[in-house]
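Put chain S with the ligands on the given structure of chain W with help from the hints.
Top line first, the protein sequences correspond to chains W and S.
All letters in the first sequence, in the order written, are residues 695 to 1008 by the working numbering.
All letters in the second sequence, in the order written, are residues 2 to 260 by the working numbering.
I should point out that these hints are in silico values taken from the structure, not numbers from a laboratory.
Only true hints are included.
Taking lysine-lysine pairs in the PhoX-like style, the calculated list, with each CA pair at most 20 Å apart, reads: (1) S:Lys241 with W:Lys975; (2) W:Lys799 with W:Lys771; (3) W:Lys1008 with S:Lys258; (4) S:Lys74 with S:Lys197.
Fair warning: this is a prediction, and the values are worked out from it, not measured in the lab.
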Amino acid sequence: MAEVLVLVDHVDGQVKKVTLELLTAARRIGEPSAVVVGEATDELKAKLGEYGAEKIYTAPAEIDDYVVAPKAELLAKLAADKSAAAVLVSATAENKEVAGRTAVKLGSGVLTDVVDVTPEVVAEHSIFGGAVITHAKVTSGVPVVAVRPNAIPAEPSSGAAAVEAVEIEISDAAKAARITDRVKQEKGARPELTEAAVVVSGGRGVGSEDFSVVENLADALGGAVGASRAAVDAGWYPHAFQVGQTGKTVSPNLYIALGISGAIQHRAGMQTSKTIVAVNKDPEAPILEISDFAVVGDLHKVAPQLTEEINKRK
Amino acid sequence: MNIVVLVKQVPDTETERKLNPADSTVDRAASDGVINELDEYAIEEALLLKEKHGGEVTILTVGPEQATDSIRKALSMGADKAVHVSDDALAGSDALQTAYAIAQTLGTLEYDLVILGSESTDARTGVVGAALAEYLGLPQLTLANKVDIDGSSVKIQRQTDDGYQVVEATLPAVISVVEKINEPRYPSFKLIMAAKKKPVAKLGIADAGIDAAKVGLANATTQVVDFAPAPPRAAGTVVKDEGSGGVQIADFLASKKFV
Ligand SMILES: Cc1cc2nc3c(=O)[nH]c(=O)nc-3n(C[C@H](O)[C@H](O)[C@@H](O)COP(=O)(O)OP(=O)(O)OC[C@H]3O[C@@H](n4cnc5c(N)ncnc54)[C@H](O)[C@@H]3O)c2cc1C
Ligand SMILES: Cc1cc2nc3c(=O)[nH]c(=O)nc-3n(C[C@H](O)[C@H](O)[C@H](O)COP(=O)(O)OP(=O)(O)OC[C@H]3O[C@@H](n4cnc5c(N)ncnc54)[C@H](O)[C@@H]3O)c2cc1C
Chain W
695 MAEVLVLVDH VDGQVKKVTL ELLTAARRIG EPSAVVVGEA TDELKAKLGE
745 YGAEKIYTAP AEIDDYVVAP KAELLAKLAA DKSAAAVLVS ATAENKEVAG
795 RTAVKLGSGV LTDVVDVTPE VVAEHSIFGG AVITHAKVTS GVPVVAVRPN
845 AIPAEPSSGA AAVEAVEIEI SDAAKAARIT DRVKQEKGAR PELTEAAVVV
895 SGGRGVGSED FSVVENLADA LGGAVGASRA AVDAGWYPHA FQVGQTGKTV
945 SPNLYIALGI SGAIQHRAGM QTSKTIVAVN KDPEAPILEI SDFAVVGDLH
995 KVAPQLTEEI NKRK
Chain S
2 MNIVVLVKQV PDTETERKLN PADSTVDRAA SDGVINELDE YAIEEALLLK
52 EKHGGEVTIL TVGPEQATDS IRKALSMGAD KAVHVSDDAL AGSDALQTAY
102 AIAQTLGTLE YDLVILGSES TDARTGVVGA ALAEYLGLPQ LTLANKVDID
152 GSSVKIQRQT DDGYQVVEAT LPAVISVVEK INEPRYPSFK LIMAAKKKPV
202 AKLGIADAGI DAAKVGLANA TTQVVDFAPA PPRAAGTVVK DEGSGGVQIA
252 DFLASKKFV
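With the rest of the complex left out, here is chain S:
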């Protein structure tokens, strides 16, 4: 079974993140790039499925040059190879354009399953998996907290607000995973060394079959018109508990009409 895992490099949430004043895009050079956390769960799930059913795991990243670091990390977890679509024409692409670019690139690959994280920590739109299924015309098995494959049938548990749904489809399919589906492994030293030699195919948009008129900031379906720092919250009251802290909060809540 051939699995493609989508990996995005995002600014580290621990560092101060910024927008570029010129075009309101994320300043990806200002912060350290890390693998989007939920993508590590996607990689782990792909590796677990490979261990069970055989096949190959390919990492697919649409991202700037510096995303190479994240691709190496993904390979060091145990993926076999990677495809990196990098092209200045892609800069500024929004959620739907990114899904389009990924769908086109997948058209050049052979796969039974596409796995991704359910959202990224930078944009948090949570729409790429669904939009990708729409573009590819494949079953949408998103928000999975459990995946089972039997021959060409696939069954997932789709997380909902009050429990889960059991969802069934046939391969090929698009799966997005939520946290808690598994525990991502740490790369071993041996795998880190081996990852340096694994093949990474570099593609430009033409190689990936992406139409330049459908991607990039100039053609984006959404546009950031302005941004500003959030007004600081007025400094609150801090009291030390001297035995009546609970009563003091109750008084505060009463003053705000919560009790």
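One chain only, chain W, in its complex shape:
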């Protein structure tokens, strides 16, 4: 069976959940080979094996000192050397760029923001704010596919996890954009927005920069906090947390919208959530049409009661 390359997302020696989802998808197509840039800890390698990685390619950390291009060189080289059947990456802003450059190098094509993929590498897209489902494929060469986090459930399956160090000389051209500093902004203990199983978002209805009504509910559910563009534009919450067409796309098991009307541009970023709950004082708000459960009322009354109730039942 042909190898399927999976670019591993990891922080502080921990594999991100989306990588396990990609390994699961890769098993449908062929034999998963995980590609790790930077330090591959024993814990990390073990985890990749538990989710079916037959091989683990490790590549020098230096690749991460430059923007995107060296990673594309690495993936394109491996895909060619190993005659890979496909290359899978997570559909983060950065990895979509990696996917694009890799496909240019391979002379193939790239499919981004994919929500499902078949053994023949036909990819499913959810477009126009979730209104239309399409299927697309790469017409020739090694398909490069960027899959949305939370789209394909991760399932364990043991793999040999044989480690192989990749010898690679990064070209000077790929070193043209150098990363000279990294700044982490306050993040706190909450899970990352695109990966979280639960997302609680606040909109204009929150009414002020005091977002604690949203944060408290998110914390009670162990979820991430999101915001509509109206809340971000008002300066109540940072842009990094914006959900929607010009913000992040999320696909959690549970999405709770507090004081968000549900404009098409907001829905574009959350409509593939599995369960949607809304609190809105307007019975005509479009968000109610896509909600599994909705309460028409004041979020400042309903959300604190819900938070208290969840904490009570824990």
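Just chain S with the ligands, lined up with the frame of chain W:
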């Protein structure tokens, strides 16, 4: 400093967007065309850099005839001139082919900087900037929320999930911008009138050095095989808060095993 800004016309997200049943391409005639929103931030950034460092701002659009409206709007924000590549051979081009077409056209222009929006609201692939840097062999300074230029050095803040990276390179370079880098200006009446007289060069693929065998639906690297409306979500429960709305949601979440 000469800056080329890439502008795409996209279907207005406020209108109902459709695909053509015949070839699964976006029905661009069915909706009003507007400038892709993030491109307005790219134009604004180019104008700010011009105000600081001098030079000229050129709008480059690869798009059908009707994209002229968006080009005029871009000019009315204050850009100096435009290049419009329009050719039926380009219809149906995918993300990588579009990047190729733009790269070839840039080969016929003089520039120090190319600026674009980080993605378009219709396709949302977010790969054109990166693919363009690959084709041109230029530094990729994408997802910028801040840009500083000093002589031939350029420094950006590249937005990441948990903060930003500082990235440095030398010109020429490709920059893509994210929302919040600036506040795009509104065109003044005077600029709108002036824009009508600004030069727009119309190019076909031969003028732009684009190989017909590398673009268009028939040669696309990706292909849409089918499409259908998403199955409607089953109608949910809507209750009015009579004082126990929070408890009712908790019960619902418990029934779904979230609590
Ligand atoms: C739902 C969907 C998902 C897709 N997913 C991907 C993907 O993941 N990756 C990918 O690479 N591609 C993707 N595509 C593109 C697809 O594979 C095909 O290449 C084709 O469907 C082109 O898309 P389009 O509908 O935007 O075509 P068009 O509407 O024809 O537009 C294609 C491009 O050509 C320009 N154009 C159109 N007519 C002219 C003209 N006369 N002169 C100059 N320029 C013109 C447009 O402005 C646009 O930039 C997707 C397309 C759709 C509809
Ligand atoms: C090109 C483009 C891109 C865009 N991208 C995005 C994007 O990425 N993300 C995004 O979110 N938007 C985006 N938008 C904006 C979008 O169109 C909406 O304007 C925005 O989503 C509205 O945010 P909102 O729902 O918080 O505010 P509103 O639409 O003002 O809705 C507020 C809601 O809160 C309710 N409410 C008020 N007070 C209370 C209360 N006390 N209790 C309960 N409910 C209350 C109201 O009934 C109302 O339904 C984009 C727009 C464009 C044109």
